[in-house]
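Student: Chain by chain, the residues run as shown.
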Amino acid sequence: MGIRFVLMVNKQGQTRLAQYYEWLTLEERRALEGEIVRKCLARTDQQCSFVEHRNYKIVYRRYASLFFLVGVDNEENELAILEFIHLLVETMDRHFGNVCELDIMFHLEKAHFMLEEMVMNGCIVETSKSNILSPVQLMEKSY
Amino acid sequence: MASPSLMDHLFQRTLDDVIKGLRHQQTLESAFIAKVVEDVRREIKSTELPTKSIALQKLTYLNSIHFVDMTWAAFHAIECISSPNFAHKKIGYLAISQSFHESTPVILLITNQLRKDLKSSNEFEVSLALECLSTIGTVDLCRDLTPEVFTLMSSSKVFVGKKAVGVVLRVFGKYPDAVRVCFKRLVESLESSDPQIVSAVVGVFCELASKDPKSYLPLAPEFYKILVDSRNNWVVIKVLKIFSRLAPLEPRLAKRIVEPICDHLRRSGAKSLMLECIMTVLNSLTEYESAVKLAASKIHEFLVDDDLNLKYLGLHALSIAATKQLWVVLENKEVVIKSLSDIDPNVKIASLRLVMAMVSESNVAEICRVLINYALKSDPMFCNEILGSILSTCCRNVYEMIVDFEWYVSLLGEMARVPHCQRGGEIENQLIDIGMRVKDVRPELVRVGRDLLIDPALLGNPYLHRMLCAAAWICGEYVEFSKNPIELIESLIQPRSVLLPSPIRAVYLQSVFKVLVYCLHSYLIQSQNVTCDLSLKVPDVSSIGVETSVSASLKATVDCEQDNLRNSNQSYEDLSILDDGEGDSSVSALLGEKSLTHESVINLLNLIESALGPLSGSFDVEIKERARNVLGFVDLTKQELGDLHIRKPNVNRKELTASAIVELVHEAFSKELGPISVSSQERVPVPVGLILNENLAELDEICGDVQLPSTSSSSLVSPYLGETAGFSTLQSKQDPELSNEAASLLAEHRKRHGLYYLSSEKKEVQTCDYPPANDLNSSTNANDDTQDLVKLTDQSFVLKRKPNHAKPRPVVVKLDEGDVVPLSGKKVESEDDFLSGAVREILLGSEAIPATSTIKPSDKLPSRKKGKEKVNVNLHESKENSAEGEKPDDENPSLKRRNHRSHGKERSRKSSGKKNADEKQGNEDKEKKKSRHHHSRHKAQPRADMPLNVDAQTGIIPDFLL
Numbered sequence: 001m002g003i004r005f006v007l008m009v010n011k012q013g014q015t016r017l018a019q020y021y022e023w024l025t026l027e028e029r030r031a032l033e034g035e036i037v038r039k040c041l042a043r044t045d046q047q048c049s050f051v052e053h054r055n056y057k058i059v060y061r062r063y064a065s066l067f068f069l070v071g072v073d074n075e076e077n078e079l080a081i082l083e084f085i086h087l088l089v090e091t092m093d094r095h096f097g098n099v100c101e102l103d104i105m106f107h108l109e110k111a112h113f114m115l116e117e118m119v120m121n122g123c124i125v126e127t128s129k130s131n132i133l134s135p136v137q138l139m140e141k142s143y
Numbered sequence: 001m002a003s004p005s006l007m008d009h010l011f012q013r014t015l016d017d018v019i020k021g022l023r024h025q026q027t028l029e030s031a032f033i034a035k036v037v038e039d040v041r042r043e044i045k046s047t048e049l050p051t052k053s054i055a056l057q058k059l060t061y062l063n064s065i066h067f068v069d070m071t072w073a074a075f076h077a078i079e080c081i082s083s084p085n086f087a088h089k090k091i092g093y094l095a096i097s098q099s100f101h102e103s104t105p106v107i108l109l110i111t112n113q114l115r116k117d118l119k120s121s122n123e124f125e126v127s128l129a130l131e132c133l134s135t136i137g138t139v140d141l142c143r144d145l146t147p148e149v150f151t152l153m154s155s156s157k158v159f160v161g162k163k164a165v166g167v168v169l170r171v172f173g174k175y176p177d178a179v180r181v182c183f184k185r186l187v188e189s190l191e192s193s194d195p196q197i198v199s200a201v202v203g204v205f206c207e208l209a210s211k212d213p214k215s216y217l218p219l220a221p222e223f224y225k226i227l228v229d230s231r232n233n234w235v236v237i238k239v240l241k242i243f244s245r246l247a248p249l250e251p252r253l254a255k256r257i258v259e260p261i262c263d264h265l266r267r268s269g270a271k272s273l274m275l276e277c278i279m280t281v282l283n284s285l286t287e288y289e290s291a292v293k294l295a296a297s298k299i300h301e302f303l304v305d306d307d308l309n310l311k312y313l314g315l316h317a318l319s320i321a322a323t324k325q326l327w328v329v330l331e332n333k334e335v336v337i338k339s340l341s342d343i344d345p346n347v348k349i350a351s352l353r354l355v356m357a358m359v360s361e362s363n364v365a366e367i368c369r370v371l372i373n374y375a376l377k378s379d380p381m382f383c384n385e386i387l388g389s390i391l392s393t394c395c396r397n398v399y400e401m402i403v404d405f406e407w408y409v410s411l412l413g414e415m416a417r418v419p420h421c422q423r424g425g426e427i428e429n430q431l432i433d434i435g436m437r438v439k440d441v442r443p444e445l446v447r448v449g450r451d452l453l454i455d456p457a458l459l460g461n462p463y464l465h466r467m468l469c470a471a472a473w474i475c476g477e478y479v480e481f482s483k484n485p486i487e488l489i490e491s492l493i494q495p496r497s498v499l500l501p502s503p504i505r506a507v508y509l510q511s512v513f514k515v516l517v518y519c520l521h522s523y524l525i526q527s528q529n530v531t532c533d534l535s536l537k538v539p540d541v542s543s544i545g546v547e548t549s550v551s552a553s554l555k556a557t558v559d560c561e562q563d564n565l566r567n568s569n570q571s572y573e574d575l576s577i578l579d580d581g582e583g584d585s586s587v588s589a590l591l592g593e594k595s596l597t598h599e600s601v602i603n604l605l606n607l608i609e610s611a612l613g614p615l616s617g618s619f620d621v622e623i624k625e626r627a628r629n630v631l632g633f634v635d636l637t638k639q640e641l642g643d644l645h646i647r648k649p650n651v652n653r654k655e656l657t658a659s660a661i662v663e664l665v666h667e668a669f670s671k672e673l674g675p676i677s678v679s680s681q682e683r684v685p686v687p688v689g690l691i692l693n694e695n696l697a698e699l700d701e702i703c704g705d706v707q708l709p710s711t712s713s714s715s716l717v718s719p720y721l722g723e724t725a726g727f728s729t730l731q732s733k734q735d736p737e738l739s740n741e742a743a744s745l746l747a748e749h750r751k752r753h754g755l756y757y758l759s760s761e762k763k764e765v766q767t768c769d770y771p772p773a774n775d776l777n778s779s780t781n782a783n784d785d786t787q788d789l790v791k792l793t794d795q796s797f798v799l800k801r802k803p804n805h806a807k808p809r810p811v812v813v814k815l816d817e818g819d820v821v822p823l824s825g826k827k828v829e830s831e832d833d834f835l836s837g838a839v840r841e842i843l844l845g846s847e848a849i850p851a852t853s854t855i856k857p858s859d860k861l862p863s864r865k866k867g868k869e870k871v872n873v874n875l876h877e878s879k880e881n882s883a884e885g886e887k888p889d890d891e892n893p894s895l896k897r898r899n900h901r902s903h904g905k906e907r908s909r910k911s912s913g914k915k916n917a918d919e920k921q922g923n924e925d926k927e928k929k930k931s932r933h934h935h936s937r938h939k940a941q942p943r944a945d946m947p948l949n950v951d952a953q954t955g956i957i958p959d960f961l962l
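So the sequence lines, in the order shown, correspond to chains B and W. Note that the UniProt record's numbering has the first sequence beginning at 1, numbered continuously upward. Note that the UniProt record's numbering has the second sequence beginning at 1, numbered continuously upward.
A few of these clues could be false.
Claimed, not checked - Think about it this way: if two alpha-carbon atoms lie no more than 25 Å apart in a straight line, the pair counts; the simulated BS3-like pairs of lysine-lysine are:
1) W:K157 with W:K214
2) W:K298 with W:K333
3) W:K157 with W:K211
4) W:K255 with B:K141
5) B:K11 with W:K255
6) W:K293 with W:K324
7) W:K298 with B:K129
8) B:K57 with W:K298
9) W:K377 with B:K39
10) W:K338 with W:K298
11) W:K157 with B:K110
12) W:K225 with B:K141
13) W:K324 with B:K110
14) B:K57 with W:K225
15) B:K57 with W:K439
16) W:K439 with W:K814
17) B:K141 with W:K377
18) W:K377 with W:K324
19) W:K214 with W:K225
20) W:K324 with W:K298
21) B:K129 with B:K110
To be verified - Restraint-style ranges between C-beta atoms, simulated for each label pair:
22) B:G13 with W:A87: 29 to 37 Å
23) W:S210 with B:W23: 17 to 25 Å
24) B:K11 with W:N429: 39 to 47 Å
Claimed, not checked - To give an idea of the chain W side of the interface with chain B (calculated C-beta under 10 Å), a few residues:
25) T47
26) K90
27) A270
28) V678
29) S679
If you are wondering where the hints come from, they were derived from the structure by calculation, not from laboratory data. Backbone N, C-alpha and C define an ideal beta-carbon position, used for all residues, glycine too.
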């Protein structure tokens, strides 16, 4: 499965985007997000970006006020996931121009589409920024 | 006319409005959400799709971010995706991907819409449908839509093609039979000229191979090509993951990939690729020393990097190396040990694991000592992490690593003194376990147990209560090794033992009983001997205890100390310090005996009486009963002891009932309890005539009778209640007295064991709080310890295993199979096997039973249920099942048709494949050398109408990489 979920959470611990690649009930999701946010937001900048949680790993990175958290299987390459997070941020940056929390809040759907272009079934399928963005922009233009 | 819906539409809040609204609601967020949901419920019923879709969009947003339930809107989402308008469709699909799952009732309704969109000329619509299928695809959906996905895989639009490839993973997972249709095209995609397609397909194979690597061995040449040629690190990482699964299965493959992997490792600047190479080498290529060395050097680079992430990953890589290549860890031990004092708890724990991996027989003592010092200075969490890992490492394989058990037992005692210690339960288990298994260490165990029991501070830490329970049990069970049983009793009935939970107090009382019996027994023997000796006119009274032989049941304490004892009147505490535990066992209970004068025994009995008296009214039955047992016993013996003392000579103690009872009880207690094998119950033969599985239904009648009074026991309660009420009044009357008594006991206890009390007396009496057992003196700082540990691992690893133990390892009792935890059954194989069976059939042909492959694919659609039921599916069997069972053709005629069609296409396209295959039949040897031919074989395989058993005998994969 590789990636199990992608979360974006602000400094206050509010979820700004949640994409799961396995089915969880609302209650499970709420519990999971609560636990993870508590665990990761408590860590300082001097600590590493990997946290073991239940039977998988969380790779996270902070950009300004937003935390990007990705839950992955234990075999997954942590550094590749960090690069993936960075790629995601760069892609959004290119699209929104200096992306911030508000952009994601008001364009959640678009953020979901970008993620969809990058990840399918929990596998990273596309890693080129222009390939990711061109359909998103085309869709915007034509409809 | 359409006023409500028009009004709705005009005044409907958009998603943006909702988000803005939410931002302004700091406190009343939930009320605002409830309001929005209410609106949504109304709007979503609108017949106007714009209104409906916006309502759905808002609901989807709230579901995603604010956990609002949206299962009720499933049908509305389906309505949205059937809209011709792309914007509505988009909203509908997002809602469906987010909220549908296997058991959504309406999920089957979307099959046709999905099919329609998959065939759409608009690539974005196709993409939406594919994305949706990849997240929610069920068995039925995957089965019904396989033909469309198959067609899309070869779409001329890369944008669609790569997604179709991605969806295949979901389809295979849910509906393994799709392999027969799509697999060949998937393999072809590996050689696609488009990097996007390759990237997607490698991802799919990476996932497939992680579940069942064996089936994908034949594809190694394709993967190899990508490994060597690809410039995309993402793809190379995936291919490396595949190879790390394949390499252990095929040694020749490992040989081929070592060089390219080392190449990547040397050349690449990308840390993620480096990490993947390191992991692959450590996991799968450990036989190639040069590769491991290279990986080790890279790990070292990671470890000394400033980036904390790299350091953590370096440690993680070391922990993988630790099992097979411990030298890699040893080379980096300095970094590892320094990381123990890192700021990041994750790094600390990783390095702790590694330190424990370095522990060996020869250095376990020193490492544990330093770690305990670390534990004293760490935060509670890490402290317990340290203690836990010491405990679990040392008890591995029945204490395999421990040679000096006396040291280990005292270490366990020491752990209790670590202020944050919460591992009482584990220590308890190990203390008792060692007591039962290792006979030679029992004297030391009793000493440690006594030190634990006597320390009042430990009673204040609830986490340690279970450990104290073990100490109490040990002191009772092995009291014959005790130097001063009276002191034991005193510590078992010390005032602070009220802090213990009642089950543990019960154990304490039982131990008091055992120790008391032991004391009395020794005293009786002693007094008998005295009288005998006196009559035999032995002059020197002071040496009586020493010279006389001891009853056979009494073993060992230290011989050499007898002199000490006789010559100097040191207190017992000093003695126990002098005793360095060299368990030379010409031992006797002399020390104990000598102290047992008549007076001391009477005092002891009085002390017990006064301490246990209040407990005989305890509300806990267990405590009450045991206390009363002890008290009754004390009562009985006290009288007769008085008599015994008065009628000094010529008493035959056998005549006295108390003595007889003491004798009897002592004998009962001196029976040794041993460990019992887990399986011993099974070995008891069933007695003849006993039918174990007889139906006991007839007992119901009798039981019914029995139950009756118990249900109406309320009537029985009242007298009892009266009684307890009586007790409580009694107790309350006693209370002041009791507390006085407690205070005086406490004072006495302090006088005796001042060692364990703070010097300032005033506070002590009032407050029940004791200082922590082991205050941080923090005289040494962490760095010193680090140096220590580094040095210590240095020497101990230089010396390697040359311990030259002063004394041999004591015997550790092991039970034949009882100690080995039985492996938890066989690995349960899931329906993945079904998938791998299908894949293997296509790729190898040989592994599946040849006959099966002659059946047309449409004929052998095993029903889903059958497939699921099957554990460890053998392809052959499943075929039979389906053949005799349902008739899938009838069930799913459309699919059948389609299959035929697609196969027809294949056939026409691949007519050359047949030729190749025929050729191959003749030239098997040649084929082995040419991978090209090998490829063509893959292509020929899936041709369903051709008998595949032609080259079944080639069986295992030939040298595909030549």
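Student: Each of the hints needs a verdict: does it hold here or not?
Tutor: The hints, checked one at a time:
{"no.": "1", "hint": "W:K157 with W:K214", "verdict": "33 Å, violated"}
{"no.": "2", "hint": "W:K298 with W:K333", "verdict": "15 Å, holds"}
{"no.": "3", "hint": "W:K157 with W:K211", "verdict": "30 Å, violated"}
{"no.": "4", "hint": "W:K255 with B:K141", "verdict": "53 Å, violated"}
{"no.": "5", "hint": "B:K11 with W:K255", "verdict": "50 Å, violated"}
{"no.": "6", "hint": "W:K293 with W:K324", "verdict": "13 Å, holds"}
{"no.": "7", "hint": "W:K298 with B:K129", "verdict": "30 Å, violated"}
{"no.": "8", "hint": "B:K57 with W:K298", "verdict": "23 Å, holds"}
{"no.": "9", "hint": "W:K377 with B:K39", "verdict": "24 Å, holds"}
{"no.": "10", "hint": "W:K338 with W:K298", "verdict": "19 Å, holds"}
{"no.": "11", "hint": "W:K157 with B:K110", "verdict": "22 Å, holds"}
{"no.": "12", "hint": "W:K225 with B:K141", "verdict": "40 Å, violated"}
{"no.": "13", "hint": "W:K324 with B:K110", "verdict": "48 Å, violated"}
{"no.": "14", "hint": "B:K57 with W:K225", "verdict": "31 Å, violated"}
{"no.": "15", "hint": "B:K57 with W:K439", "verdict": "45 Å, violated"}
{"no.": "16", "hint": "W:K439 with W:K814", "verdict": "12 Å, holds"}
{"no.": "17", "hint": "B:K141 with W:K377", "verdict": "63 Å, violated"}
{"no.": "18", "hint": "W:K377 with W:K324", "verdict": "33 Å, violated"}
{"no.": "19", "hint": "W:K214 with W:K225", "verdict": "19 Å, holds"}
{"no.": "20", "hint": "W:K324 with W:K298", "verdict": "18 Å, holds"}
{"no.": "21", "hint": "B:K129 with B:K110", "verdict": "14 Å, holds"}
{"no.": "22", "hint": "B:G13 with W:A87: 29 to 37 Å", "verdict": "33 Å, holds"}
{"no.": "23", "hint": "W:S210 with B:W23: 17 to 25 Å", "verdict": "20 Å, holds"}
{"no.": "24", "hint": "B:K11 with W:N429: 39 to 47 Å", "verdict": "44 Å, holds"}
{"no.": "25", "hint": "T47", "verdict": "22 Å, violated"}
{"no.": "26", "hint": "K90", "verdict": "7 Å, holds"}
{"no.": "27", "hint": "A270", "verdict": "8 Å, holds"}
{"no.": "28", "hint": "V678", "verdict": "28 Å, violated"}
{"no.": "29", "hint": "S679", "verdict": "31 Å, violated"}
When the structure is compared with the earlier hints, violations turn up for hints 1, 3, 4, 5, 7, 12, 13, 14, 15, 17, 18, 25, 28, 29 and for no others.
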